[in-house]
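Chemist: Here's the letter readout for the chains.
Protein chains: 2
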Amino acid sequence: MSTSDKTPMNGAESLVKTLLDSGLDTCFTNPGTSEMHFVAALDHVPGMRSILVLQEGVATGAADGYFRMAGKPACTLLHLGPGLANGLSNLHNAKKAGSGVVNIVGEHAVSHIELDAPLTSDIEGIARPVSHWVHTSLSATDVGADAAKAVHAANIAPGQVATLMLPSDTAWNDGGVVAQPIAPVARPAYDEAALEGAIAALSGPDSLLLLGGAALGEGTLEVAGRIAAKTGCNLLCEWSNSTLERGAGRVKINRVPYPIDQALEALVPFKRIVLVGARAPIGFFAYPGKPAILTAPGAEIIDLCKTSQDINDALDALCQGAGAVDVAPAHVAASTLPEKPDGPLDPDRIAQVLGRTIPENAIVVDEAITTGRSFFPATAGAPKHTWLNNCGGSIGYGMPVAIGAAVACPDRKVLALVGDGSAMYTVQALWTMAREELDVTVVIFANRVYKILRGELTNVGVSNAGPKAMDMLSLDRPTLKFVDMARSMGVDATQVSDCAALEIAIETGLATKGPYLIEAVL
Amino acid sequence: MSTSDKTPMNGAESLVKTLLDSGLDTCFTNPGTSEMHFVAALDHVPGMRSILVLQEGVATGAADGYFRMAGKPACTLLHLGPGLANGLSNLHNAKKAGSGVVNIVGEHAVSHIELDAPLTSDIEGIARPVSHWVHTSLSATDVGADAAKAVHAANIAPGQVATLMLPSDTAWNDGGVVAQPIAPVARPAYDEAALEGAIAALSGPDSLLLLGGAALGEGTLEVAGRIAAKTGCNLLCEWSNSTLERGAGRVKINRVPYPIDQALEALVPFKRIVLVGARAPIGFFAYPGKPAILTAPGAEIIDLCKTSQDINDALDALCQGAGAVDVAPAHVAASTLPEKPDGPLDPDRIAQVLGRTIPENAIVVDEAITTGRSFFPATAGAPKHTWLNNCGGSIGYGMPVAIGAAVACPDRKVLALVGDGSAMYTVQALWTMAREELDVTVVIFANRVYKILRGELTNVGVSNAGPKAMDMLSLDRPTLKFVDMARSMGVDATQVSDCAALEIAIETGLATKGPYLIEAVL
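First to last, the sequence lines map onto chains A and B.
The numbering of the first sequence is our numbering, which starts it at 1 and goes up by one.
The numbering of the second sequence is our numbering, which starts it at 1 and goes up by one.
Derived from the structure by calculation, the hints contain no laboratory data.
Given the structure is predicted, the values throughout are model-derived calculations rather than measurements.
Hints may be right or wrong, so weigh each one.
Which copy is meant is left open, so a pair is good if it fits within one copy or across any two.
To be verified - Once the Cα atoms are required to be at most 27 angstroms apart in a straight line, the calculated DSSO-like pairs of lysine-lysine come out as:
1) LYS481 x LYS513
2) LYS72 x LYS230
3) LYS271 x LYS149
4) LYS468 x LYS513
5) LYS72 x LYS468
All chains, full assembly: derive it from the sequences and hints.
Modeler: Dropping the structure here:
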């Protein structure tokens, strides 16, 4: 704990200073009464960029996207239990993505909690299911040290959710002490005992190197490409990935498909599977009469390196063991420009348009759900870009994550591909994009239905869905007008319904500084 | 448990039938894969009105409003932990309001939970902080009985939040058994030992009868008015009330003010306070150097009847003990029509407009925050109406609660008075109002600032807020265009900025069948 800063300060100021000293300089917030001293400290302690959101789900999703692209946590500042609760589902997604987030949650003054005021709730109880680390500060003196611990916890690989409750008296009382950053924990070693078996397993087309997490960077994928070239193994990654580097010149990798039958088919050839940063594939949901374990029965699965472990080392060791260090990588994507598609929009044609328009260095946030399942092949040869998936399955992640990515990378274009049902979950994100003039082009795929659920009805064995059931999956009564909605929050927008117009609209959006929304009607 | 229904059925069908047999016929939902069998059952089992929302905060808020006006719970159908999480803050509000809600939360099939799929989370952990009753069904055979227990728990006075997890295999497996409703628990008796003291305490202007919960109905208020007439005691109710019957011809009751200083001033005269359905007033928040207990030091507080106990009996006994049974009630509101205000909108003039336009039998949902603090005096003499407050303090309650009230009372006009900051929390509610053609007139008070927080900065002792702090409390960059936003979700709308236009707009909204939104720019 540092005592170098001799100016008397309150707990809130020591908190902001400690966060800054620990490398955190971005805060997504919707504050309330109990957070006013933190808000005031933003002016007294320069260096923290504070971004206002209209609903906390935007704040937590933005923190997720920020971590994925900045490689360090942002903090959120949330108002008591209900503010945290509103951000909970995107914290669930962040946790599943391995994103580090530091939540600062205001709490009543310690003496006030027992009075059970209207806003009193069990904040720690709300935090625990989505947090790796939960703590309530008990005095102004503790706040700095607690904040350093929270940042430390959030930085544990691949990234963790840390939630610190800040009772308002610990914020306003004097006695704050700025704490030194705690040295980060190195990633633990991969399972060296499994290395020999992993090297032996990767041989020929019935073997698979399944990658996830930090294995999906440009450099690590290149190592994987060398291994594949030398051993003849296949490469796949999980369906949902925090970030995946792809595009022309990079080693191309396909995802294990989402639909169970397609996933089973994709995985049935593999007798030996080595996991590096990935988990053995399982079904997103259970379905009656279908397996939940997607790998072929009897397949040998070697868990070489978990997503929290040293993935770089694991891949280097595999590469060396396979004698592939000097081999040219396989599966390097060539630069390709899909043909210009014509006519009305469908998923394959949209993929072609994307393959034609994704710019160099773009960040693509993919929450296109059913529409997006066919986006990968036609975009593999686009200029180099980063692809982000929803790892927790809670919809409403796309636009908030795009905010965080744009804040983290102001020099890169962000393309957010979002289904209409998903977009409405956190539609308030548009306002923050406008307010912060973020360079995000949002494409809403308006099929006016929770289309994934139409398929899921059949998958779970419902063969006789009636009109009331179908009505619960339908978004067309009334039709959502996304162009008006975007403009109502200060974001310019257009509606398109054919391929040529979509291509022009995406080019317009990318050429525009600031946010732009395209409603693509399917 | 009933076995009278001999048709084989799956767990989901037994659930819907049991809910119907237990008197629940309304479901607010945004379902997902794990809820598809419940959705399918809606067609096979007639009688359950199912209402789709675009975000679960709307569903849980609607269930809160429904309970307040229907006097019985609705159910919600939510998708796994994240769907519940999105509804959590309005469940917090419902819990604090004493509203009964039955949440049905889909869960993965029992065998799938241990696989830790993307959407897997600790649902019971998420549910517990906002629920009085939490249970996970373990087999299709159990689902009916579990549902009956959930309804029973939700009906415990004044109303409780019951959350039942439904693993998808317990929904799709055969073996469902419809359960008989469980007889409701009667409200426990008030504290009879305190009666004599309470009767003695209520005497003269330094005594107060403080009412809450079920004491705020027309009949109970009339009894309280008799007691006041006979004893000379004062009447007040809490700041936040689930429902308060008011208007011309009813006994008028003021609320303990929200601002600490005003509350202290309002309560300082009282040396003896009798609580019936209310709690002793405390501050919404703690503030440095201000008391949290708002009653005068040394005041005698007699807790005659808690909000869960038999409030009718308590008031009758008080009335009898005071010899007030045949006395005409005091404080009966006369019918008054405020003067027609002129010029730009301010809180007092808006109150006058409301006093002129609230129609007979209206339901007023009040989330007007700062703008609304002065609404009570000028509306006290309007035709009879019901006033609903936010009892949990989590903003975003207004429009969802208005949905539930409109569904519960299709023959009554609903007027939702909402601050702009609050409205944006659950703005998706507008779409459901349009879809269900609900008779709700929404007035958004657009002061373009989290105005309450501007005051709170000073209250918590921040005297030197800088530009970054003020920016976090401001909604004017960009300006939210509520008229466009409403229309984008199918709700007709208008913007007004003076008193005459507001009066016309409210009259137009009330005369329109279906929803209407008025952006009142302050």
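Chemist: Would you list, in rising numerical order, the hints stated earlier that this structure does not obey?
Modeler: 2, 3
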